[in-house]
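Could you build the full structure based on these sequences and the hints that come with them?
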Amino acid sequence: MLDKILFLLCLASALADERCMPDTPHGFQVRLSIKTALGDEAYVWNENEMFLFRASLAFAMRNHMNGQQFEVSNIIVCNETMRVSFWFIVTSPLDTSQLIDQENVEAAIRQSRNRINSAFLLTDKTLEFVDILPTLATLYTHPTPPWLIVFGVVMGAVGAGIIIMLVSSVVQKKRKTNGKPQDKDDDEETRVKTVENGDAHDGVHNMSFSEDERFTKM
Amino acid sequence: MRLVLPNPGLEDRIFSHEDLERMEKEEAEDRPKWDNKAQYILTCVGFCIGIGNVWRFPYLCQSHGGGAFLIPYLILLVLEGMPLLLLEFAIGQRLRKGSVGVWRAINPYLTGVGIASMLVSLLIGLYYNTLIAWILWYFFNSFQDPLPWAQCPLNENRTEFVSECQRSTTVDYYFYRVTLNSSPSIAESGGLQWQIVLCLLAAWTVICICYIRGISTSGKAVYVTAILPYIVLAIFLIRGLTLKGSLTGLKYLFTPDVDELMNPQTWLDAGAQVFYAFSIAWGGLISFSSYNPVHNNCMQDAVILSIITGLTSIYAATVTYTIIGFRATQKYENCISENIMTLLNAFNLPEDSITTSNYDTALNHLNSSSPDIILGLDFKTCDMQKLLSEGVEGTGLAFIVFTEAIINMPGSPVWSVLFFIMLLCLGISTLFGNIEGVVVPLRDLNVLPKKWPQEALTGVTCAVAFVITLLFAQHSGIYWVTLFDNFAGSVPLLTIGLFEMIAVAYIYGIDRFNEDIKFMIGHKPSIFWQISWTFISPVIILVILVFYVVTQAQKELTYLVWDPDSDKFPSLASVPYPSWINAVIFLLAGVPSLTVPLYALWRLVIVTCKKKKKKSEKIIQLS
Chain A
1 MLDKILFLLC
11 LASALADERC
21 MPDTPHGFQV
31 RLSIKTALGD
41 EAYVWNENEM
51 FLFRASLAFA
61 MRNHMNGQQF
71 EVSNIIVCNE
81 TMRVSFWFIV
91 TSPLDTSQLI
101 DQENVEAAIR
111 QSRNRINSAF
121 LLTDKTLEFV
131 DILPTLATLY
141 THPTPPWLIV
151 FGVVMGAVGA
161 GIIIMLVSSV
171 VQKKRKTNGK
181 PQDKDDDEET
191 RVKTVENGDA
201 HDGVHNMSFS
211 EDERFTKM
Chain B
1 MRLVLPNPGL
11 EDRIFSHEDL
21 ERMEKEEAED
31 RPKWDNKAQY
41 ILTCVGFCIG
51 IGNVWRFPYL
61 CQSHGGGAFL
71 IPYLILLVLE
81 GMPLLLLEFA
91 IGQRLRKGSV
101 GVWRAINPYL
111 TGVGIASMLV
121 SLLIGLYYNT
131 LIAWILWYFF
141 NSFQDPLPWA
151 QCPLNENRTE
161 FVSECQRSTT
171 VDYYFYRVTL
181 NSSPSIAESG
191 GLQWQIVLCL
201 LAAWTVICIC
211 YIRGISTSGK
221 AVYVTAILPY
231 IVLAIFLIRG
241 LTLKGSLTGL
251 KYLFTPDVDE
261 LMNPQTWLDA
271 GAQVFYAFSI
281 AWGGLISFSS
291 YNPVHNNCMQ
301 DAVILSIITG
311 LTSIYAATVT
321 YTIIGFRATQ
331 KYENCISENI
341 MTLLNAFNLP
351 EDSITTSNYD
361 TALNHLNSSS
371 PDIILGLDFK
381 TCDMQKLLSE
391 GVEGTGLAFI
401 VFTEAIINMP
411 GSPVWSVLFF
421 IMLLCLGIST
431 LFGNIEGVVV
441 PLRDLNVLPK
451 KWPQEALTGV
461 TCAVAFVITL
471 LFAQHSGIYW
481 VTLFDNFAGS
491 VPLLTIGLFE
501 MIAVAYIYGI
511 DRFNEDIKFM
521 IGHKPSIFWQ
531 ISWTFISPVI
541 ILVILVFYVV
551 TQAQKELTYL
561 VWDPDSDKFP
571 SLASVPYPSW
581 INAVIFLLAG
591 VPSLTVPLYA
601 LWRLVIVTCK
611 KKKKKSEKII
621 QLS
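Just so you know, the protein sequences line up as chains A and B, in that order.
Taken in order, the first sequence gives residues 1 to 218; the numbers are from the numbering used here.
Taken in order, the second sequence gives residues 1 to 623; the numbers are from the numbering used here.
Note that these hints are calculated values from the structure, not bench results.
Treat the hints loosely; a few may be bogus.
[As the list claims (entries may be wrong)] Here are the computed lysine-lysine pairs in the DSS-like style, where the Cα-Cα straight-line distance is at most 27 Å:
{"no.": "1", "chain 1": "A", "residue 1": "35", "chain 2": "B", "residue 2": "244"}
{"no.": "2", "chain 1": "A", "residue 1": "173", "chain 2": "B", "residue 2": "451"}
{"no.": "3", "chain 1": "B", "residue 1": "251", "chain 2": "B", "residue 2": "450"}
{"no.": "4", "chain 1": "B", "residue 1": "380", "chain 2": "B", "residue 2": "33"}
{"no.": "5", "chain 1": "B", "residue 1": "37", "chain 2": "B", "residue 2": "568"}
{"no.": "6", "chain 1": "B", "residue 1": "555", "chain 2": "A", "residue 2": "125"}
{"no.": "7", "chain 1": "A", "residue 1": "125", "chain 2": "B", "residue 2": "244"}
{"no.": "8", "chain 1": "B", "residue 1": "37", "chain 2": "B", "residue 2": "611"}
{"no.": "9", "chain 1": "B", "residue 1": "380", "chain 2": "A", "residue 2": "35"}
{"no.": "10", "chain 1": "A", "residue 1": "176", "chain 2": "B", "residue 2": "450"}
{"no.": "11", "chain 1": "B", "residue 1": "451", "chain 2": "B", "residue 2": "33"}
{"no.": "12", "chain 1": "B", "residue 1": "37", "chain 2": "B", "residue 2": "25"}
{"no.": "13", "chain 1": "A", "residue 1": "174", "chain 2": "B", "residue 2": "451"}
{"no.": "14", "chain 1": "B", "residue 1": "451", "chain 2": "B", "residue 2": "220"}
{"no.": "15", "chain 1": "B", "residue 1": "244", "chain 2": "A", "residue 2": "174"}
{"no.": "16", "chain 1": "A", "residue 1": "174", "chain 2": "B", "residue 2": "450"}
{"no.": "17", "chain 1": "B", "residue 1": "386", "chain 2": "B", "residue 2": "25"}
{"no.": "18", "chain 1": "A", "residue 1": "176", "chain 2": "B", "residue 2": "220"}
{"no.": "19", "chain 1": "B", "residue 1": "37", "chain 2": "B", "residue 2": "244"}
{"no.": "20", "chain 1": "B", "residue 1": "386", "chain 2": "B", "residue 2": "251"}
{"no.": "21", "chain 1": "B", "residue 1": "386", "chain 2": "B", "residue 2": "220"}
{"no.": "22", "chain 1": "B", "residue 1": "251", "chain 2": "B", "residue 2": "33"}
{"no.": "23", "chain 1": "B", "residue 1": "33", "chain 2": "A", "residue 2": "176"}
{"no.": "24", "chain 1": "A", "residue 1": "174", "chain 2": "B", "residue 2": "220"}
{"no.": "25", "chain 1": "B", "residue 1": "33", "chain 2": "B", "residue 2": "450"}
{"no.": "26", "chain 1": "B", "residue 1": "25", "chain 2": "B", "residue 2": "568"}
{"no.": "27", "chain 1": "A", "residue 1": "176", "chain 2": "B", "residue 2": "25"}
{"no.": "28", "chain 1": "B", "residue 1": "251", "chain 2": "A", "residue 2": "176"}
{"no.": "29", "chain 1": "B", "residue 1": "25", "chain 2": "B", "residue 2": "220"}
{"no.": "30", "chain 1": "A", "residue 1": "173", "chain 2": "B", "residue 2": "518"}
{"no.": "31", "chain 1": "B", "residue 1": "450", "chain 2": "B", "residue 2": "220"}
{"no.": "32", "chain 1": "A", "residue 1": "173", "chain 2": "B", "residue 2": "450"}
{"no.": "33", "chain 1": "B", "residue 1": "524", "chain 2": "B", "residue 2": "33"}
{"no.": "34", "chain 1": "A", "residue 1": "173", "chain 2": "B", "residue 2": "220"}
{"no.": "35", "chain 1": "B", "residue 1": "568", "chain 2": "B", "residue 2": "555"}
So, in C-alpha cells, the structure goes:
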C-alpha cells in the first residue's frame, strides 16, 4: 500500500505541472475520510480511485462549461499524502497552458457535488473540498405543522369533555327539580281527594287551606 | 402543662369529638368525600412528587457530594418533613375545613395564615402552569421525525446554518429562539408569542376539566397522572442502562464526597428541598385531608408518603443521571474525534493512526517534533466532568440536556413523547393540589360566592389565571418565570410553615392536638412527634429561613439572559435586574409573608372599633 503511494507520488512528480502546488491560486485541496465514512467497508485508495476522481471532476467541468470537452488529462493532481488529501488544478481542453479559474471550478463542483459524492460513497463532510462550502439540504417543511394537529386533537377532546360534564350536571339538576314537584303533586292530589271525601262526611271544610296549597306549589 | 397561649372561644369554633362521631355515623357532612383510600394516597403522592423531583433533586444530589447528600436529605426528611406532614394531615382531618377555615377555627386572628397559603398557591400555580405549557409545546412537537430540535434552520444562501444556531447548539436555539423567542432582558417584553398563548390555553383547559367537579373528577384523573410517571421512569431506566456512558453518569451522581457534609450550605439545601418537595404550607394537603373519614390513620399516611417521596427522588435521580451520562459521553467522544481530525488534517496522517486511546501519546509526540504547528491549531477542551455538570438543573435539564440526549437515541420521537408525557403528569398532579389550595379558600373567604356550583368556581379561577399568565407568554416570559420561581416559592412558604407549627403547637395546644390524634387513630403520638412539633422542626425551619434571607440580601440581584449580542454567548450572560424589580419581589415574597401579622393587626383594629361602638351605644341606652 505504502509503495503504491510512493509510486504515485513519483508518477505525479514526473507528470508534474509546476503550476500545481499547495496553496495554488487556481486549484483546491481535497480531503477524503474513507474509513470514517465507511468503517469496515472502506475501500483502499489507489491509482484507480484517483482515476475515477479525475474522471468525475472532468464530468463536473463538462456539465458546468457547456461545449468544452474536458478529459481526464485536464485534471492535474499533486501533493498526495497518506491522509488521502491532495491538490488539483484544471487546465482548459482547448489550451493546456491555460488554467480554469477558481470560480468556475468551484461552481462546477457545487453543481455536481452530489454526483461526485455518490461516485465515492461519501458525503459532503467526508469528501471535503477545502474552502468550498457545501450547499446544505433544506429541511422538510410540513404543509400543516404537526404540532397544530396534535394541539387540535387535544383541545377538541378536552373541550368535548367539558361540554359533556356541564351538560350532564345541568341535566342532573333538572331531574332533581322535576322530581320534587311531581312527588308533591301526587301528595297534593291524594290529600285533596281525602279532603273531598272528608268533605262529604265531615261537613265544613276549610277550602281556602287546600286552595292555598295548590297555588303555592309554583 | 405545656406552654399554650390563651385562646378563648376555641371550643365554640370547632366540632367536638362527639359531634365528629355523630357526623361520621349519620354521614351528615356535606363536604365532598374520597371514593376510596387509594385516591387520597395517589392524590397526595401526585401532589408531593412534582417536576422538582426530576430536575431539582438530582442536581442537588450531584453538586453536594453525590451519595453523601442522601444523609442530610434523609435525616431532614424524618425530622422536618414527616412531622409537618402529619401536622397538616391531622389538623385538616380533625377540623374538617380547607386551609382558611382551619386557621380561622383555631383563632380568627390566624386567618392570615390561610390567606397567605392561598396567595402563595396562586403565585406558584401561575408560573407552574407556564412550565406545563412549555412541556405541552414540546410534547405537541414530538410527533414528527426528525424532531424539530435536531437541526438548525438554514440561512439565505443555504451555505450555513443561521448564525445564532451555529454558535450555540440546536437545542438551545430551539428553546430560546423558536419556542420562547426570548428578548435580551426582562424589561423588553416584546409581544406575545402566540404559540405559547395557545399552549397556555391548552394547559389551563386541561386543568379545568380535570378539576371541574372538584375531587370527584381529579380523584379519577390521579389514577393516570400519579402512576404513569413511575412506569415511564422504569422504561427510561431500562433504556438508559443499555446506553453507552450511563454508568459514568451514575458514578458521578452517587460518588460520595463526605467533606460536603461539613458545608452548611448542603444541609440548608437539603432542608429547603424537603420542605418544598412535600408541598407543605400550600394549603392543599389540609384540604385533601379534610375530606377523609374521621378515623383515618393519618400517622400511617404521613410515614408512607415520606417514604414514597424519598424513594421516588432517588429513583428519578438514578434515571436522570443515566441519560445525562449518556449525553456527556456522546459529547466527549465527539469532542475527541474533532480534535483527532484536526491533528490528522494538519499533519496529513492516515486516518486510523490516531484513535481515542493513543490520542494523548500522539499529541505529545507531535508537540515535541513540531510545536509551532500545534500552537496554530484550534483544539477544543474536552472535559468530561464539565459535560456531566452543565445545565443539569431546572428547565435546562428538561429542555436542553434531555432533548439533546433524546435526539441521539434511536427512535427519538417515541422517547420524546414518553418523556414529556411523564413531565406533564408530574406537573398536572401537583397542580391539582395547587388549585385546591386556591379555590377552596376563595370560597371560604366569600370572594367567590358559596352558591356557585363547583364547575363555575373552577372555570372562573382557570379563566382569570389564564389571563394573568399571559404575562409569561411575552418574549421576556422566561425571566418572569425564573423570578417567580426564586421569590414566590421560597421565603413565603418557609414563613407560613413556621407560623403553622407555632399555631398548632402553642395556640391550638399540643395537648389538645395529642388528644385529637388519640381520638382519630386510637393512640397518642409518640414522644418523637411531640418534640419535633414543639421544638425541632420549628427550629430547623427558622434556621433555614434566616440563612436564606441573609444570603439573599447579601447577593446582588442578577439573572441569566439569552443574549446573542453578548460576549459570553452561547453561555447565558449574568445581568443585574432593573431597579423596579425590587417592587415586584416585595409583592411576590413580602406580601404573602406579611399577610399573617397584617391580617391580625387589621382584625384587632376592627374588633376594638366595634367594642368602642358597642360601649358608646350601651352608655347611650343606659342614660
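Checked hints:
no.	hint	result
1	A/35 - B/244	holds (22 Å)
2	A/173 - B/451	holds (14 Å)
3	B/251 - B/450	violated (56 Å)
4	B/380 - B/33	violated (62 Å)
5	B/37 - B/568	violated (54 Å)
6	B/555 - A/125	violated (48 Å)
7	A/125 - B/244	holds (25 Å)
8	B/37 - B/611	violated (47 Å)
9	B/380 - A/35	holds (23 Å)
10	A/176 - B/450	holds (20 Å)
11	B/451 - B/33	holds (19 Å)
12	B/37 - B/25	holds (18 Å)
13	A/174 - B/451	holds (17 Å)
14	B/451 - B/220	holds (25 Å)
15	B/244 - A/174	violated (63 Å)
16	A/174 - B/450	holds (20 Å)
17	B/386 - B/25	violated (63 Å)
18	A/176 - B/220	holds (25 Å)
19	B/37 - B/244	violated (42 Å)
20	B/386 - B/251	holds (15 Å)
21	B/386 - B/220	violated (44 Å)
22	B/251 - B/33	violated (46 Å)
23	B/33 - A/176	holds (21 Å)
24	A/174 - B/220	holds (25 Å)
25	B/33 - B/450	holds (18 Å)
26	B/25 - B/568	violated (68 Å)
27	A/176 - B/25	holds (26 Å)
28	B/251 - A/176	violated (64 Å)
29	B/25 - B/220	holds (26 Å)
30	A/173 - B/518	violated (41 Å)
31	B/450 - B/220	holds (24 Å)
32	A/173 - B/450	holds (17 Å)
33	B/524 - B/33	holds (26 Å)
34	A/173 - B/220	holds (22 Å)
35	B/568 - B/555	holds (21 Å)
The structure does not agree with the numbered hints 3, 4, 5, 6, 8, 15, 17, 19, 21, 22, 26, 28 and 30 stated previously, though it agrees with the rest.
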